[in-house]
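Protein sequence lines, in the order shown, are assigned to chains A and B.
Each position in the first sequence, counted from 1, maps to that position plus 139 in this note's numbering.
Each position in the second sequence, counted from 1, maps to that position plus 139 in this note's numbering.
Please note: incorrect hints may appear among the correct ones.
Where chain B lies over chain A, by a calculated footprint (3+ residues, C-beta under 8 Å) [as the list claims (entries may be wrong)]:
(1) 257-263
(2) 266-272
(3) 303-317
If the Cβ cut is set under 10 Å, some of the chain A residues that face chain B in the computed set are [unchecked claim]:
(4) Phe165
(5) Lys227
(6) Gly253
(7) Asn254
(8) Glu298
Cut-off 30 Å, straight-line C-alpha distance, at most; resulting in silico cross-link-like pairs (DSS-like, lysine-lysine) [as the list claims (entries may be wrong)]:
(9) B/Lys284 x B/Lys144
(10) B/Lys270 x B/Lys199
(11) A/Lys270 x B/Lys343
(12) B/Lys144 x B/Lys156
(13) A/Lys156 x B/Lys270
(14) B/Lys156 x A/Lys270
(15) B/Lys199 x B/Lys271
(16) A/Lys227 x B/Lys343
(17) B/Lys144 x B/Lys347
(18) A/Lys270 x B/Lys227
(19) A/Lys284 x A/Lys144
(20) A/Lys190 x B/Lys227
(21) A/Lys270 x B/Lys284
(22) A/Lys156 x B/Lys271
(23) A/Lys270 x A/Lys144
(24) B/Lys343 x B/Lys141
(25) B/Lys227 x B/Lys156
(26) A/Lys156 x A/Lys144
(27) B/Lys271 x A/Lys227
(28) A/Lys227 x B/Lys284
(29) B/Lys270 x A/Lys270
(30) A/Lys199 x A/Lys144
(31) A/Lys331 x B/Lys199
(32) A/Lys144 x B/Lys227
Worth flagging that the hints you see were computed from the coordinates, not collected in a lab.
Please read all numbers here as calculations on a predicted model, not as lab measurements.
Beta carbons: idealized from backbone N, C-alpha and C, even for Gly.
Given next are the chains, with one letter for each unit.
Number of protein chains: 2
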Amino acid sequence: MKIAKQYISTAADHLIKTNALAAQAFEEVYSSILNNVTTGSDHFILNCTCKNCNGVVPVKERCYQILEEEFGWYREKPLTYFHKDAQKGGPIDVYKEFITGHSFFRSGLEFETGNISSAHRSMNKLCVGIKKGELDLAMLMMPTKNMSFYLTDRVSNYEELEPYFLLLDEVPFVVFGFDAEEYSVDAPLLPKGKDGMSPRTIRKWQYK
Amino acid sequence: MKIAKQYISTAADHLIKTNALAAQAFEEVYSSILNNVTTGSDHFILNCTCKNCNGVVPVKERCYQILEEEFGWYREKPLTYFHKDAQKGGPIDVYKEFITGHSFFRSGLEFETGNISSAHRSMNKLCVGIKKGELDLAMLMMPTKNMSFYLTDRVSNYEELEPYFLLLDEVPFVVFGFDAEEYSVDAPLLPKGKDGMSPRTIRKWQYK
Chain A
140 MKIAKQYIST AADHLIKTNA LAAQAFEEVY SSILNNVTTG SDHFILNCTC KNCNGVVPVK
200 ERCYQILEEE FGWYREKPLT YFHKDAQKGG PIDVYKEFIT GHSFFRSGLE FETGNISSAH
260 RSMNKLCVGI KKGELDLAML MMPTKNMSFY LTDRVSNYEE LEPYFLLLDE VPFVVFGFDA
320 EEYSVDAPLL PKGKDGMSPR TIRKWQYK
Chain B
140 MKIAKQYIST AADHLIKTNA LAAQAFEEVY SSILNNVTTG SDHFILNCTC KNCNGVVPVK
200 ERCYQILEEE FGWYREKPLT YFHKDAQKGG PIDVYKEFIT GHSFFRSGLE FETGNISSAH
260 RSMNKLCVGI KKGELDLAML MMPTKNMSFY LTDRVSNYEE LEPYFLLLDE VPFVVFGFDA
320 EEYSVDAPLL PKGKDGMSPR TIRKWQYK
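Let the sequences and hints guide you as you build the complete structure.
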């Protein structure tokens, strides 16, 4: 896929320019989006037969799989602050601790496949992780409005959340708005729900 | 009803102590909760026959009605920032401009009757109003977990959003967690949805 729109907060921009591990975290998520391509192609082709014809979960799963398998990220990292109380906030979708000789850097990413309200909750959860010192860089990835038209009904899109990014100015926060490179009625439909997902074992943080 | 729990951010606390109009806005919302009582009683008695047996909308409407009729608040104030694009964010539920000889003070209140994700969106919308200089004090009112058990299924409660209040420290923000003073199986059931609501004309900002 391609990154059609991108928000990098002032705080995140500074961090990425001055901290090699922050830059690496950013690059890895960026790569997971770019390397999410249609099987047998070098880019992502979305079926555009009609509104809402594709599921969004396979798009997310493919990016997460790249982050896990190529870059060693973990899934479902709980925030200590929530004391495992899922009612207060679920785990961070994907998470990685970058460690070098002198440095330690923690990055969390969410890809909200629910509606716009859920995207607000994801955004706030990541901000809590930053504020409580459990994350150093927060990232969110969302389809653009253009792409979301052909994905699951009511899935939140980049443009819907964009008016709220000003709340993130001082938070080290990045939002990626991705889009397909090509639209075609001949492309394979992406299954909805969990149908058609291979029963791959995900790398959960708790089994690390 | 009574105010069982209350969050006043550092910024709001300072404002309420130093600005008479901020104190007045706070007091008016406080009063609308305290004066929301069961007809024929001096306090609020909630039917507790079973889980989710009451609707939450009548609780909200009564508070808003008090704010409108006794204190001159207006309903549905759009934020200029959203350019009337409801997709970006709907209007502020209730709003008042306090004007004295030398001062001008704007306060907005939301009562989120949807699920917890929607409460995050309401919170963020009010924060945007503050950040863009369209509100001077933001308030949110929610039932406590105790009371929400007997209200519409999945309605958000104070305790669910509480872990996120730390994001509001520097924002002039108040959250009220209200509860009934009494629970009784003999109290009248509050209707769900819009059933039983009188077709009262609300004081919309746009018709001011």
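Status of the hints after comparison with the structure:
1. Counting residues of the stretch 257-263 of chain A whose beta-carbon sits less than 8 Å from any beta-carbon of chain B gives 5, enough to reach three: the coverage restraint holds.
2. Only residues whose beta carbon comes within less than 8 Å of a beta carbon in chain B count, and the stretch 266-272 of chain A has 4; three or more means the coverage holds.
3. Restraint check on the stretch 303-317 of chain A versus chain B: 3 residues with Cβ-Cβ distances below 8 Å, three needed, restraint holds.
4. With a cut of 10 Å, the hint placing A/Phe165 at the interface with chain B is violated, because the nearest CB-to-CB distance is about 23 Å.
5. At about 4 Å, the closest approach between the beta carbon of A/Lys227 and any beta carbon in chain B falls short of 10 Å, and the interface hint on this residue holds.
6. Proximity of A/Gly253 to chain B holds as hinted, the smallest CB-CB distance being about 7 Å (cut-off 10 Å).
7. Evaluation of the A/Asn254 hint against chain B yields a held restraint, the C-beta minimum of about 7 Å falling below 10 Å.
8. The interface hint given for A/Glu298 holds, since its Cβ lies 8 Å from the closest Cβ of chain B, which is under the 10 Å cut-off.
9. Taken as a hint, the B/Lys284 and B/Lys144 pair is honoured in the structure, with Cα atoms around 11 Å apart against an allowance of 30 Å.
10. At roughly 26 Å between alpha-carbon atoms, B/Lys270 and B/Lys199 fall within 30 Å of each other, so this suggested pair holds.
11. For the suggested pair A/Lys270 and B/Lys343, the alpha carbons sit about 38 Å apart, so the restraint of at most 30 Å is broken.
12. The suggested pairing of B/Lys144 with B/Lys156 holds, with an alpha-carbon distance near 19 Å, which does not exceed 30 Å.
13. Using a Cα cut-off of 30 Å, the hinted pair A/Lys156 and B/Lys270 holds, with the two alpha carbons roughly 27 Å apart.
14. Simply put, B/Lys156 and A/Lys270 have alpha-carbon atoms about 27 Å apart, close enough for the 30 Å limit, and the pair holds.
15. Between B/Lys199 and B/Lys271 the CA atoms are separated by roughly 27 Å; this keeps the pair inside 30 Å, and the hint holds.
16. In summary, the hint linking A/Lys227 to B/Lys343 is not supported, as the alpha carbons are separated by about 35 Å, beyond the 30 Å threshold.
17. For the given pair, B/Lys144 sits about 34 Å from B/Lys347 by alpha-carbon distance, which is inconsistent with the 30 Å threshold.
18. A distance of roughly 26 Å separates the Cα atoms of A/Lys270 and B/Lys227; the hinted pair therefore holds under the 30 Å criterion.
19. Annotation: proposed proximity of A/Lys284 to A/Lys144 holds, straight-line Cα distance about 11 Å (limit 30 Å).
20. For the given pair, A/Lys190 sits about 21 Å from B/Lys227 by alpha-carbon distance, which is consistent with the 30 Å threshold.
21. For the given pair, A/Lys270 sits about 25 Å from B/Lys284 by alpha-carbon distance, which is consistent with the 30 Å threshold.
22. Among the hinted pairs, A/Lys156 with B/Lys271 is consistent with the structure: their alpha-carbon atoms are about 28 Å apart, no more than 30 Å.
23. The straight-line distance between the Cα atoms of A/Lys270 and A/Lys144 is roughly 26 Å, inside the 30 Å bound, and the hint therefore holds.
24. Taken as a hint, the B/Lys343 and B/Lys141 pair is honoured in the structure, with Cα atoms around 27 Å apart against an allowance of 30 Å.
25. Distance hint between B/Lys227 and B/Lys156 is unfulfilled; the C-alpha atoms sit about 34 Å from each other, more than 30 Å.
26. A hinted pair counts as satisfied when its Cα atoms are at most 30 Å apart, and A/Lys156 with A/Lys144 qualifies at roughly 19 Å.
27. Between B/Lys271 and A/Lys227 the alpha-carbon distance is near 29 Å, which keeps this suggested pair within the 30 Å criterion.
28. Taken as a hint, the A/Lys227 and B/Lys284 pair is honoured in the structure, with Cα atoms around 12 Å apart against an allowance of 30 Å.
29. Taking the CA atoms of B/Lys270 and A/Lys270, the gap is near 19 Å; set against the 30 Å cutoff, the hint holds.
30. Restraint check for A/Lys199 and A/Lys144: satisfied, since their Cα atoms lie roughly 17 Å apart, inside the 30 Å limit.
31. Among the hinted pairs, A/Lys331 with B/Lys199 is inconsistent with the structure: their alpha-carbon atoms are about 37 Å apart, more than 30 Å.
32. Restraint check for A/Lys144 and B/Lys227: satisfied, since their Cα atoms lie roughly 17 Å apart, inside the 30 Å limit.
Hint compliance for this structure: hints 4, 11, 16, 17, 25 and 31 are not met, and every other hint is.
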